Amino acid sequence: MSAMPYSIELRHISKTFVERSWRSVFFGRLPKKTQALKDITLNVEKGEIFGILGPNGAGKTTLMKILATLIIPDSGMGRILGCDLIRDSQRVRRMVGLVTMSERSFYWRLTGRQNLNFFAALHNLTGREKRQRIQSLLEFVGLEDKADSEVMKYSSGQKQRLALARALLSDADILLMDEPTQHLDPLAAAAFVRMAVDVLNGKEGKTIIWSTHNLKEAEETCTRIAILHKGSLIASGNFHHMRSLIMTGGAYEFIIDRCPEISLKSIGICPSRIIHSNGNLNFELQVTSDEVPFLVRRMVENGINIRSCRAKKIDLEDVFEKVINRVY
Amino acid sequence: MLSYKLHFLLQLVGIFVSTVMFFFLSKLFERGMTDYLRPYGGDYFAFVIIGIAMTDYLAVSLNSFGSEIRNAQMMGTLEALLVTPTSVALILFSSSLFSFTLSSVRIIVYFLYGITIFGLKLHFTNIPLLCLIMGLTIFSCAGIGLISAGFVIIFKQGSPLNWIVSTSSGVLGGILYPIAVLPSWLQPFSSFLPITHALESTRKVMLNGCTFGDVSREVILLVLFCSILLPLGLIVMYYGLRKAKKEGSLIHY
Chain A
110 MSAMPYSIEL RHISKTFVER SWRSVFFGRL PKKTQALKDI TLNVEKGEIF GILGPNGAGK
170 TTLMKILATL IIPDSGMGRI LGCDLIRDSQ RVRRMVGLVT MSERSFYWRL TGRQNLNFFA
230 ALHNLTGREK RQRIQSLLEF VGLEDKADSE VMKYSSGQKQ RLALARALLS DADILLMDEP
290 TQHLDPLAAA AFVRMAVDVL NGKEGKTIIW STHNLKEAEE TCTRIAILHK GSLIASGNFH
350 HMRSLIMTGG AYEFIIDRCP EISLKSIGIC PSRIIHSNGN LNFELQVTSD EVPFLVRRMV
410 ENGINIRSCR AKKIDLEDVF EKVINRVY
Chain B
39 MLSYKLHFLL QLVGIFVSTV MFFFLSKLFE RGMTDYLRPY GGDYFAFVII GIAMTDYLAV
99 SLNSFGSEIR NAQMMGTLEA LLVTPTSVAL ILFSSSLFSF TLSSVRIIVY FLYGITIFGL
159 KLHFTNIPLL CLIMGLTIFS CAGIGLISAG FVIIFKQGSP LNWIVSTSSG VLGGILYPIA
219 VLPSWLQPFS SFLPITHALE STRKVMLNGC TFGDVSREVI LLVLFCSILL PLGLIVMYYG
279 LRKAKKEGSL IHY
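For the protein sequence lines, the chains are A and B, in the order given. Read left to right, the first sequence gives residues 110 to 437 (this note's numbering). Read left to right, the second sequence gives residues 39 to 291 (this note's numbering).
Bear in mind the hints are in silico, worked out from the structure with no lab data behind them. For clarity, every value in this text was computed on a predicted model and none was experimentally measured. Even for Gly, the Cβ is constructed at its ideal location relative to N, Cα and C. If a hint is listed, it holds; no wrong ones were tucked in.
What follows is a set of in silico ranges between Cβ atoms, one per label pair, in the way DEER data are often shown: (1) Q225/B with M186/A: 49 to 59 Å; (2) G173/B with A300/A: 51 to 61 Å; (3) N152/A with I202/B: 46 to 56 Å; (4) N347/A with W201/B: 57 to 67 Å; (5) L50/B with G156/A: 53 to 63 Å; (6) A230/A with L44/B: 20 to 30 Å; (7) A230/A with R280/B: 18 to 28 Å.
All chains, please: the whole structure from these sequences, using the hints.
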């Protein structure tokens, strides 16, 4: 049986940043160390949108920069389409396009078209092929009207779309999107997400690594996700797998007339989350569907007035919160 | 765009003013330095104009690579450049082409002012040889410039090496005065500077009409400087880049 053709393979990648000062160099003081990534192992399949999730400082950007060959890991091995991230870094750079959240990565006094022209030359595009590619990308990202304006006059959303156009110059198989919607308003962000999902991934079959701390966006975009926290990979898989990590059965949400919490506990009901609102008590129970009628009867028999009971949809936010809280 | 044109215009005026200054200064030295200037045709103005003009190449070669890196760090474009498949060395050389072109224009303007306004007499009979000397000068000094670029990548500051080379070139390189005026114990040190041999050969060709055979010693020394400094510069620059990638400090500034 042949091995699964992975776009990206990472094995035991670790990275610690050492902040040296004159005192540490000359007076032997211990330099400040920050472990950005700890023993990261993951695979990304061809043609999938793989989400890297995590709070600020989780190590998402470090991981993206390692994939873009901008940071060299301390240990471990990484391959992109079979090419080693360190030994074949030049070949890797031909296969990846990076969309960063930085607005400062363009020449502001040049126009959008001139910027693309410059970066296209660095991707070895020349002549008519270069002109046509730039024009089609400007149309694709909806910047044809602003193409000949200086980048300093662009809005954040326009700069982000220009960054996408730049990442697509080389027609890379793999796109690394580091918090691509961070500076966009909700409408622009939604349009950007649709463009990535429907066209780049859907039609063109590009593999996309989508780093974000926006869980809703990840849920709409990604086929699989990995959750990073303080540099460690604490969970990865598709949403079904992620849900299974935090619960064995189902979750049900009850709304009852307010009553002392103690009265729930006294009848053997231990909610996983309780919210008081408008004279009601909302709480969640992790139980199987078979147990629900029995619980309802017990509450009614004990004088608790149930206003509603429904199966709760577990979203990524629940998974994220519970996985992180469980590990730390 | 207006600011760029104004800057260029001011440069032309600046070149004119310094040409005038050195012309009158040459009047002062006309008789006193005859013995020292005899190997160069005896004209201090011609001697110093070549010195000043060639220093322009020296300055650009030493500073342009480090400046390009520093600008990219400050503007935030360095990572965007490094994520492309084009090699950093090629990016740096290409980015510096404009500076070298501008430097060549300034040098031509120096000579044009000198010839048309002040009656400077120069030999342009061996242009290919002059181009060879210029090329070797640029590449040997570029090696030092690349070492500086490596320093800038790691330390985010201008390299002290540039200061050492440009200062010692000013004192020992024979830019404003012939090396023969230096004390005899100091003269051998000037041999370790590429600019010394670049100026010596350029003056021999432009002031005395010498041929390749007459300047072959200087040309061979410049080739030697190139073959040592250029690979060394590339090694140091790539070492700096690798170190910055390991430390994650590429975009720090």
